[in-house]
Amino acid sequence: MKNQSYKQVKRMTPAMRIIHWVNALCMIGAVATGLYIGHPYYATFIADGAVDKYVMAWNRYGHFIIAIIFDVTSILIAYLYFFSRFEKPYKKLIPNAQNLREFGAVVVNLITLNRVKKFDSAHVDSFNSVYFTLFHLLLVWMLFTGLQLYVHSFTAGTSSIGGWWPAFLHIATDWTIWASGGTIMDVRLSHHASMWWILAWILFHVYYQVWRTIFWKEGDIGIVISGTKFVKEDALS
Amino acid sequence: MTPTTDEATKRFTWKSASVDTNRGDAYYEALYASCEARLQAVRTQKAVNRLDLMEVLDDHGIDRRDFMKWASATTAALMLPSMFTPLVAEAAMLMNRAPVIWLELQDCAGNSEALLRSDGPKIDELVLDLISLEFHETLQAASGHQAEKQLEEAIEHFKGRYLLFVEGSIPMGMGGQYGTIGASGETFHDHLVRVAKDAAAIVAVGSCATFGGVAAASPNPTGAVGVMEVVKGKPIINIPACPANPANMVGVVLHYLMTGQVPELDNLLRPKFAFGYRIHDNCERRAHFDAGEFVEEWGDTGAQNNFCLYKMGCKGPMTYNNCSIVRYNEAVNWPIGVGRGCIGCSEPDFWDKYAFERPVADANIKAPGGGVEKSVDEFGLGMLTAAGIGIAVHAAASALAGKKEEAGANV
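Residue numbers (my numbering), protein chains in the order written: chain A, 488 to 724; chain B, -19 to 391.
Hint data in this document are derived by calculation from the structure and do not stem from the laboratory. All C-beta atoms, glycine included, are put in the ideal place defined by N, C-alpha and C. Hints may contain errors.
In silico negatives: residues of chain A with every beta carbon more than 10 Å from chain B [as the list claims (entries may be wrong)]: (1) R498; (2) P527; (3) A530; (4) K575; (5) A609; (6) D612; (7) F619; (8) S640; (9) M672; (10) R675; (11) H679; (12) F691.
No farther apart than 27 Å at their CA atoms in a straight line, the calculated lysine-lysine pairs in the BS3-like style are these [unchecked claim]: (13) A:K494 with A:K575; (14) B:K383 with A:K605; (15) A:K497 with B:K214; (16) A:K605 with B:K384; (17) B:K26 with B:K129; (18) B:K252 with B:K129; (19) B:K291 with A:K540; (20) B:K346 with B:K384; (21) A:K540 with A:K497; (22) A:K604 with A:K540; (23) B:K384 with A:K719; (24) B:K139 with B:K214; (25) A:K578 with A:K540; (26) B:K383 with A:K704; (27) B:K139 with A:K704; (28) A:K497 with B:K384; (29) A:K604 with B:K383; (30) B:K291 with B:K346; (31) B:K252 with B:K102; (32) B:K214 with B:K291; (33) B:K384 with A:K494; (34) A:K704 with A:K540; (35) B:K383 with B:K346; (36) B:K384 with A:K604; (37) B:K383 with A:K494; (38) A:K494 with A:K604; (39) A:K719 with A:K540; (40) A:K719 with B:K383.
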């Protein structure tokens, strides 16, 4: 067995890592509060008067604050997709020959249980880029359907910051009624069902990163903490 | 103003959520002057029946004071300032100048019932008694050729002036043969189109006439649709709900009599004075919703304490209607007041998508493309389980046959 030296490669900037963990925490919070809003799954003590509780209101407040944080990080991510000085993810999404080949090679690597590995794992690959984009599209859908459900609580078309805000939300999100089946209830169902798609997405995402770490032996799981992973020097040459 | 019913306006809700209840003195003074002039003109028209509202009210033991209280409440319901109260009272007394033709299509006649409320009519119903009902298929004595003739005469006599009230959906399946009427076997569709042609405006009452209602519920065997899908190029006012609230029918007719126009409508052609807010926004149990105090099962402590009915399937948070304010039968009571949830009867597709006695999260919905009915959570957990099994299989296979990279030895 010959000695093997490794080289450290940078994969995520501090901003990307912060966004990742903000998203992860928001996700947990949004699911916990969202499930309560859809079906209040714990009861409040009957002995207290209604004015002392506010359980649904706090859940909704938390859900909306999380949504706003999500929305802001979504805008940041959308910006970074095109203008990041580190890696521009959109470049890996263009279905050109090189990206398609790489996408296929990563899938082959996964289904052959790492017996075949014919791509450069030092950079973000096309398969993961597509997979991450799927997640961002799901989040965008949650954002638009969520804001559509939210805008109906602005009675009389006003809000604490003026009438422009609900008007803007209507213009930006009313298409989701049409897109999800025709009524506000369809938007609600779609918002709820999309949560399950996101949870299924997370399940595979976490598994896949752990699997890569175990079988590639390149420390992939550390990327999201340290921002770096390690690749064999001979692989880089 | 001719409201359009194309897809875009129906889908976009932004118009609905801007009920302007204060348009400034100049606007209301101008409106007052035009309404006064309009009522002046209406008064000179020949009354189509000799009913006198004051006498009708007197016969039912309702004095003028009660009537004026009703007038001020109705003025508020129309979202007009209180200075319009005398005009509303006068318009109510001039209701017998409004010729109305009432068609009954595919439905249960529940809206006619609401209109009559013969058991103990209140002022709303009595005011509706006054309108000149020129033709009403369910109520009239005439039948067959005689009824046909009466309808033709009414159309001819009040050409371009009558309000057409439509109750019930229009079956479009099988060439419209699911519903025919009259001696000639005219389909509901042709019947409606013929009578709608010379109407001043069309008022679709009840969920069936507006959105197809129960008749249009899945799988909609008769291909039932609402009036706005059939009649084009006419002002249409939708008053959904099952049944439509007589207070809102009166409101629309009064508004028409007073201003000669249809009231401001939302994206689903519902008058905003009645459908500008959700049930939830003015619900007497709203505080319990925010507090997280819910009825868990019928008759429990929560139910005895009038807790929120959200977990029993109340759809107030998604339903636009004014029942939480005007209630039914002269504000005697309404569904949530009697301790059961709202079933969203004034929303499109309410029977398929709203009328479950459980939160929508727990309701069985059809998978896209039909098939097995599952709740969203059952579907989601199934999907998560499938993903979990796939991952477990891959993990086991990797552990058994996967190739781990050689880490190599460090120096």
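Going through the hints against the structure:
1. No beta-carbon of chain B comes within 10 Å of the beta-carbon of R498 of chain A; the shortest separation is about 18 Å.
2. Listed as a non-interface residue, P527 of chain A fails to keep its Cβ farther than 10 Å from every Cβ of chain B; the least gap is roughly 6 Å.
3. Listed as outside the interface, A530 of chain A is inconsistent with that label: its C-beta sits roughly 7 Å from the nearest C-beta of chain B, within the 10 Å cut-off.
4. At the 10 Å boundary, the C-beta of K575 of chain A stays outside the reach of chain B, the nearest C-beta of that chain being 29 Å off.
5. With a minimum CB-CB distance of about 14 Å to chain B, A609 of chain A clears the 10 Å threshold, and the non-interface call stands.
6. Taking the minimum C-beta to C-beta distance to chain B, about 16 Å, the non-interface status of D612 of chain A holds against the 10 Å cut.
7. Its beta-carbon lying about 17 Å from the closest one in chain B, F619 of chain A satisfies the requirement of being farther than 10 Å from that chain.
8. Not every CB of chain B lies more than 10 Å from the CB of S640 of chain A, the least distance being 8 Å, so the non-interface label is violated.
9. Not every C-beta of chain B lies more than 10 Å from that of M672 of chain A, the closest at about 4 Å, which undercuts listing it as non-interface.
10. In this structure R675 of chain A is not separated from chain B by more than 10 Å, as the shortest Cβ-Cβ distance comes to only about 6 Å.
11. Not every C-beta of chain B lies more than 10 Å from that of H679 of chain A, the closest at about 5 Å, which undercuts listing it as non-interface.
12. Taking the minimum C-beta to C-beta distance to chain B, about 6 Å, the non-interface status of F691 of chain A is violated against the 10 Å cut.
13. For the suggested pair K494 of chain A and K575 of chain A, the alpha carbons sit about 22 Å apart, so the restraint of at most 27 Å is met.
14. Restraint check: the Cα-Cα separation between K383 of chain B and K605 of chain A comes to about 14 Å, which is no more than 27 Å; the hinted pair holds.
15. This hinted pair does not check out: K497 of chain A and K214 of chain B have alpha carbons roughly 66 Å apart, beyond 27 Å.
16. Annotation: proposed proximity of K605 of chain A to K384 of chain B holds, straight-line Cα distance about 15 Å (limit 27 Å).
17. For the proposed pair K26 of chain B and K129 of chain B, the alpha carbon gap of about 23 Å is at most 27 Å, so the pair holds.
18. Distance hint between K252 of chain B and K129 of chain B is unfulfilled; the C-alpha atoms sit about 37 Å from each other, more than 27 Å.
19. Restraint check: the Cα-Cα separation between K291 of chain B and K540 of chain A comes to about 17 Å, which is no more than 27 Å; the hinted pair holds.
20. Distance check on the hinted pair: K346 of chain B and K384 of chain B sit about 45 Å apart at the alpha-carbon level, beyond 27 Å; violated.
21. Between K540 of chain A and K497 of chain A the alpha-carbon distance is near 49 Å, which puts this suggested pair outside the 27 Å criterion.
22. About 57 Å separates the Cα atoms of K604 of chain A and K540 of chain A, which puts this hinted pair outside 27 Å; it is violated.
23. A distance of roughly 14 Å separates the Cα atoms of K384 of chain B and K719 of chain A; the hinted pair therefore holds under the 27 Å criterion.
24. The hinted pair formed by K139 of chain B and K214 of chain B meets the criterion: a straight-line CA distance of about 14 Å does not exceed 27 Å.
25. Taking the CA atoms of K578 of chain A and K540 of chain A, the gap is near 51 Å; set against the 27 Å cutoff, the hint is violated.
26. Using a Cα cut-off of 27 Å, the hinted pair K383 of chain B and K704 of chain A holds, with the two alpha carbons roughly 11 Å apart.
27. Taking the CA atoms of K139 of chain B and K704 of chain A, the gap is about 86 Å. The hint is violated against a cut of 27 Å.
28. Simply put, K497 of chain A and K384 of chain B have alpha-carbon atoms about 23 Å apart, close enough for the 27 Å limit, and the pair holds.
29. Straight-line distance between C-alpha atoms of K604 of chain A and K383 of chain B comes to about 10 Å, which keeps the hinted pair within the 27 Å bound.
30. Under the criterion of a C-alpha separation no larger than 27 Å, the hint pairing K291 of chain B with K346 of chain B is consistent with the structure, at around 21 Å.
31. Of the supplied pair hints, the one linking K252 of chain B and K102 of chain B holds, its CA atoms being roughly 24 Å apart against a limit of 27 Å.
32. Between K214 of chain B and K291 of chain B the alpha-carbon distance is near 41 Å, which puts this suggested pair outside the 27 Å criterion.
33. With a C-alpha separation of about 19 Å, the suggested pair K384 of chain B and K494 of chain A falls inside the 27 Å cut-off, and the hint holds.
34. As the CA atoms of K704 of chain A and K540 of chain A are separated by approximately 51 Å, the hinted pair breaks the 27 Å bound.
35. A hinted pair counts as satisfied when its Cα atoms are at most 27 Å apart, and K383 of chain B with K346 of chain B does not qualify at roughly 44 Å.
36. At roughly 11 Å between alpha-carbon atoms, K384 of chain B and K604 of chain A fall within 27 Å of each other, so this suggested pair holds.
37. With a CA separation close to 22 Å, the supplied pair K383 of chain B and K494 of chain A stays within the 27 Å bound.
38. Among the hinted pairs, K494 of chain A with K604 of chain A is consistent with the structure: their alpha-carbon atoms are about 19 Å apart, no more than 27 Å.
39. Using a Cα cut-off of 27 Å, the hinted pair K719 of chain A and K540 of chain A is violated, with the two alpha carbons roughly 58 Å apart.
40. Only pairs whose Cα atoms come within 27 Å are accepted, and K719 of chain A paired with K383 of chain B is accepted, the gap being roughly 16 Å.
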